[in-house]
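Novice: We have chain A; now place chain B onto it with these hints.
So the chains spell out like this:
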Amino acid sequence: MSDKEPGVPPSKTSSETPVPVVEGRGIVKRFGGTQAVDDVSISVVPGEVHGLVGENGAGKSTLMRVLAGVLTPTEGEVLIGGQPLDPGDTRAALDAGVSLVHQELSLVPEMTVAENILLGSTPTRAGVIDGRTQRRIARAALEEIGVTVDLDEPISRLSVAMRQFVEIARAIARQPRVLILDEPTATLTPAETDHLLATLQRLADTDLAILYISHRIPEIFALCDRVTVLRDGKLVIADEIGNYTPDSMVKHMVGRELQLDMEHRRVEPEHGEVMLSARGLKAPDVNDVDLDVRAGEIVGLGGLVGAGRTEIVRAMLGADPRTGGETTVTLDGRRRRIGGYRSAVHAGIAYIPEERRTDGLSLTMTVSDNIALPNRSSLSKGFVLQRRRIAEFARSLAETVNLRPPEIEREVGQFSGGNQQKVVIAKWLGRRPDVIVLDEPTRGVDVGAKAEIHRLIRELADDGAAVLVVSSDLPELLELSDTIHVVRDGRIVGVLPGVGTDEAAVMALAAGQQEVDAA
Amino acid sequence: MSSQAPAPTTPHPSPARAEDEPEATPFKLSAWLSTQGIVIFTIALVLFAVVFVDGFASLPNLTDVFNRAAPIGIVAAGMTFVVISGNYLDLSVVAQVATAAVVLIAVTNAVGLLPAILLAIAIALVYGLVNGVAVGVFKANAVIVTLSTTFIGLGLLRWLTGGSIYFGDSDGPIRTFGTTRIGPLPLSMVLFVVVTILLSLVFTRTNFGFMVRAYGSNREATRLAGVNTPAVVIGAFTMSALGAMLGGFVLAAFSNTAVSSMSDGYDFRALAAIIVGGTSVFGGRGSVMRTLLGVVFVSVLTNIMVLTGLGFGFQQMAIGLLIVLAVSVDALARKTRSS
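Just so you know, the sequences run in chain order A and B.
Start counting the first sequence at 0; every next residue gets the next number (numbering that gives the first Met the number 0).
Start counting the second sequence at 0; every next residue gets the next number (numbering that gives the first Met the number 0).
Take the hints with a grain of salt, since some may be wrong.
[Said to hold, decoys possible] Straight-line Cα separation of at most 20 Å, EDC-like style, residue types lysine to aspartate or glutamate; simulated pairs: (1) B:Lys-27 x A:Glu-410; (2) B:Lys-138 x A:Asp-358; (3) B:Lys-334 x A:Glu-410.
No lab work stands behind these hints: they were computed from the structure.
Pulled out of the complex, with its shape left as it was, chain A reads as follows (with noise of 0.2 Å):
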């Protein structure tokens, strides 16, 4: 480790090397069997602007965190200031002067500005809080990022671009040595963006160390002086902005060995009719998006976490509440609209939610009485149940699907992930639907069931039915997909063929680089 300080930048003057305000020494992290970061050594030095970027999964965040003192690393060791951080110390991090903005909004929406700002670190004068004190020091952090806003507004009264920027103004008050921030413009317009750069760089030449998290490479280019790229956890490379391109950056970042499984994709798939269409969509987080699904037809939904991919499937079919547009189901000729999301259901939707364990199943109940949910009038006579009818068609479903262990009185819970995924899938393959809409069909899930439920995928759209796949794993769209819509900002940016089409070319629509050949 010591012969050799990888990720420490050249020092621009050879005599003096700035010493890094924060530094991170061959950082491995698991959880459980899986390796989030995988060796990984970074720093960054004050006056810098370092860039952490990489895609979905690639670790940027499980590294932040454990820079940041939140987690404790699994090996490897971080220093602030150059002295060794007590693993998974988080106040000592923040004493150090580490302070992180964080992805999620973590204010309490009752409270002002001015409480939120010094939340924890509330001012007081013998155990009372001192008002006036919380002001002055939230007022001077807020003018520091040069927002205005009232100092006594409830937090749940502001924007969402506006409580972002509370966030980092809270940051900015414990008068940090560090900042590191994750996706901070995922919620914010291009002029508040801009703003939010501009600020960050003023406040970089103040000599403060800013660590940048964010897939979206325009950004990267307008602000960073060092990138690092991770890739399933390990440092692809870590170089100087000037040595990259949009064009390599993408491909440090998705350049991993191409293992599509290609022998398996439909050959000319045979399309009909539009069955599931959308048009001018709105919804909190879906800006006006057109959809066509055909018969037979995969179509596949790609883009970053929190595109808003979720967000349109979700309005698409009713589950949330739409603000404008309308879906529309086409069976046997007849055009329906979809209102709520019972109506989608009845219309023969089919949907696998993207959280299994919270939407997709209940977990203490059977994998037989799960099955029979969806399915639970054509498995009745009158009100009364069939039991030996529900046991049967829950053991011939459990048999498609390839259930292991084939035990349909077991609770779900106690069965593996991909197990428990299969059994979502043969929740709504007992209703043969004609639209299935299926959104992360294969996170956690281990290889072999990821092939099944590939198949069982392949299968339904050549028996007919018209399906939707979100994924935010690449290869998985495109080996299975006829199209692939590309989702960001809550718009669909792109539409690509299948066929032919490659990692860089989604990941570059994904991650909004073609913004910067358009500049």
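Specialist: Frame of chain A, contents of chain B only:
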């Protein structure tokens, strides 16, 4: 020697079962207590009472136990639907039992038995709808909603009756119902068992019971399966209301009198029976039959306390203690199950 050659085995459930036996979940005390424990405890308690408590195993005493257990048991059986749906409890049974009892006697005296029963059913449906809509549609907190409807219902009843006691006709149908026996059993006890079995069938065999359990197990997954979830909640509160109404009838028939304060404490007694029976307040787990066991346990325990001269105050304290214990075991079982 052909027998030594490995016989070609067909892939069959037997090997799968064999390899699953060892991986069966390890024994967890809290999980056992909350599911199987009540059976053993109830048997043990009854045996203890028979052997050690003077006067327990006599026909007059057992009849008294049954007569007191029947109305609470019917109320608890109905309320079990609310608990399994994951909405904690229905406190408004206190108001509902008293209202049904007063309506049965007062309206029968004034107009007749059939109008009394019809009015009581209408009131029960209104309770189910109001509680169900507030909780199921508006997602209001069930404890506060039903506490409030208790106030509304009891307040209305006291306002209209002025707190008077109503006496039934000394040879009317209510009196007859209250005194009829089938063999050694009072009719109310038979009704309790019949109602419990009926509700148990509704719970285990019908589409509605299935949806109640599914909703209590995971609301969002159930909604996303296309279930009309507000209707399920309204249905659960309606079952509770109908149980409370029948409980009120039985209570009124038992003494042939009715007064607005006669059901005090029914909320917690019913809840004690449900929770002690092993139905989880987190929803999704439990059954009406468990509630039957819980009712027997709580009733026998109360009777033992009465027979051994422990006063009402002590009984109340014991019930409270029992609930704290049972919900703690329930929470602990849930924690150990999920880990």
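Novice: Against which earlier hints does the structure fall short, listed by number upward?
Specialist: none
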